[in-house]
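Protein sequence lines correspond, in order, to chains A and B.
FYI, the working numbering numbers position 70 of the first sequence as 71, with every residue one higher than the one before it.
FYI, the working numbering numbers position 220 of the second sequence as 211, with every residue one higher than the one before it.
FYI, nobody ran anything at the bench for these hints, they're computed from the structure.
Backbone N, C-alpha and C fix where the C-beta goes; we use that ideal spot for every residue, glycine too.
Certain hints may be false.
To be verified - FRET-style restraints, in silico, Cβ to Cβ:
#, chain 1, residue 1, chain 2, residue 2, range
1, B, V490, A, S4, 50 to 60 Å
2, B, Q296, A, E87, 51 to 61 Å
3, B, G131, A, D45, 24 to 34 Å
4, B, D411, A, A41, 20 to 30 Å
5, B, R245, A, Q42, 55 to 65 Å
6, B, A334, A, L73, 20 to 30 Å
7, A, L16, B, D367, 41 to 51 Å
8, A, L16, B, D248, 50 to 60 Å
9, B, A334, A, E76, 19 to 29 Å
10, A, S4, B, E335, 24 to 34 Å
As the list claims (entries may be wrong) - Selected chain A positions facing chain B (Cβ under 7 Å, derived; list incomplete):
#, residue
11, R18
12, Q42
13, A82
Unchecked claim - Computed far set for chain B versus chain A, every beta-carbon distance over 12 Å:
#, residue
14, R(-3)
15, S13
16, Y95
17, S230
18, T231
19, A315
20, A344
21, G371
22, Q390
23, D442
24, E487
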Amino acid sequence: MPSITREEVAHLARLARIELSDDELDHLAPQLDQIIGLVAQVSDVAAEDIPPTSHALPLTNVMREDVNVPCLTPEQALSGAPAAEEQRFRVPRILTEEA
Amino acid sequence: MSDLTRKTAVELAELMSSGETSSVEITQAHLDRIGAVDGAVHAFLHVDTEGALAQAADVDARRAAGDELGPLAGVPLALKDVLTQDGVPTTAGSKILEGWKPPYDSTVVKRLKAAGIVILGKTNMDEFAMGSSTENSAYGTTHNPWDLNRIPGGSGGGSSAAISAYQAPLAIGTDTGGSIRQPAAFTGTVGVKPTYGGTSRYGLIALASSLDTPGPCARTTLDAALLHEAIAGYDPMDSTSINQPVPAVVDAARSGDVTGLRIGVVKELGGEGYQPGVEARFHEAVELLTKLGAEVVEVSCPHFQYALPAYYLILPSEASSNLAKFDAMRFGLRVGDDGENDAEQVMRLTREAGFGAEVKRRIMLGTHALSSGYYDAYYGQAQKVRTLIARDFTNAYEQVDVLVSPATPTTAFAIGDRVDDPIAMYKNDLCTIPSNLAGNAAGSFPIGLADEDGMPVGFHVMAPVMRDDLCYLVGAALESAYADQWGGVLMSKAPELEVTR
């Protein structure tokens, strides 16, 4: 019994916005199953009363003074854009016909 | 004059300050060396000939004008392609960023430039630093200069190969689970992961933000310490940067006095799965440290065995979230923008075309680990294990000053050996991962060659948070003791590469 099925992997790919091919799904599903088998070992550790660590060192939030500092020009910000128009990022349509 | 590419950074700096040579000459010598051997090694993804020579000429002019210059001014360096450099192509080893030229310098690059260090170009790496061999690079595998049929380690294999092929005396790496230390071990060089927050992540293309740490690579301990000092220190642009003085790494590298230093050998990092030649060299090095006056004891860190599974939950979770920014909208590749496809479909097609297999594996693993119903069992539990690993370190440091282990269970393996076996590949980082999870400083230092295959072995030193100096202290002690035996650093035993013109 695999810990993750091919269908579940296909679902993850949709959530992660990756258009996997059938061949990739065939290849990835058993590998992910193996890896999940490995990482599931964390559940062998009894840790009910242990606090989680999200970060290596204790942190407090830092605020900076609210002053203007130099930043990228519009030309610099757009310099790596796949498409730009009128000093803006041009993106594909975000709504479908029916919407 | 003897070959400039064989000199250490310290020697090159002396030659420049005495006026015997210039940064332009030194830089040109390294560019020529890159031209001669990079066809076989493939350490570089981009060589910035013009930019490097211009930087070198600038340092020479400032020196001639009598300006005060830093200790590494005019010395060339190879930069891992995961750090942004204004106007220079930066890919992180991924097709999705092919041709991208960042409009700003990372903090590390800013500090390198301020120190007058000459950046030769960008080095190859596993895509988004996910890997232990550079085989996950979208631009081909880097070859280990000790044996071109073997991998140079990863993810920073380009940086370790560049310094061990004498293409640069210094390099920058980044370490999330061992990506500086494992390549250093595999190439007979020095690599240190500073304390997390000791070096800035600003301008570092993020893999796992709670783990990523830039750091130095070099052929000697002192060179690495000087580079460490040049890039380290508080940066207001990184919210997790530590606002404290940089540990005295250069003094430690100059001293190398381990008299009375308490060293703990981690019981759990050895035995089954460890190559005999690696263990033999490791035990010799421990004995050597005892002879040099260190007090060695065995220490148990019982939760280290869970570091690998915890890491492969925490890292993919953070990575899947960090890599969401590659959405085909603001930078990088865009596929399928035909006027019909909507933004989401374009995103799916772009990420399918732009990401390699390992990146897809880890994004999906992270997506799974963070999804509702699994979060507590996977990510939540991994974070608890992270606490237990940090406690193992804290307990150990009550008894000893530093912990030691082999840097890697095996020496560098053959290209292709583990490429389709993710778990075998992940096990490369067994010894290095605990220090990333706990955030402490750690480094790998060369201690000889394994009998089975004649490949380099690394000695791993783990020091407490903000005691990076202790790594260099032990590294320097070993380096000077072995130099007496070998007549130089381990690199002097490396085979000569065939030179093409």
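Right, here's what the structure says about each hint:
no. : hint                       : verdict
1   : V490/B - S4/A: 50 to 60 Å  : holds, 52 Å
2   : Q296/B - E87/A: 51 to 61 Å : holds, 57 Å
3   : G131/B - D45/A: 24 to 34 Å : violated, 40 Å
4   : D411/B - A41/A: 20 to 30 Å : holds, 22 Å
5   : R245/B - Q42/A: 55 to 65 Å : violated, 43 Å
6   : A334/B - L73/A: 20 to 30 Å : holds, 23 Å
7   : L16/A - D367/B: 41 to 51 Å : violated, 18 Å
8   : L16/A - D248/B: 50 to 60 Å : holds, 55 Å
9   : A334/B - E76/A: 19 to 29 Å : holds, 24 Å
10  : S4/A - E335/B: 24 to 34 Å  : holds, 29 Å
11  : R18                        : holds, 5 Å
12  : Q42                        : holds, 4 Å
13  : A82                        : holds, 6 Å
14  : R(-3)                      : holds, 38 Å
15  : S13                        : holds, 33 Å
16  : Y95                        : violated, 7 Å
17  : S230                       : violated, 6 Å
18  : T231                       : violated, 6 Å
19  : A315                       : violated, 8 Å
20  : A344                       : violated, 8 Å
21  : G371                       : violated, 6 Å
22  : Q390                       : holds, 21 Å
23  : D442                       : holds, 31 Å
24  : E487                       : holds, 40 Å
Of the numbered hints listed earlier, those contradicted by the structure are 3, 5, 7, 16, 17, 18, 19, 20, 21.
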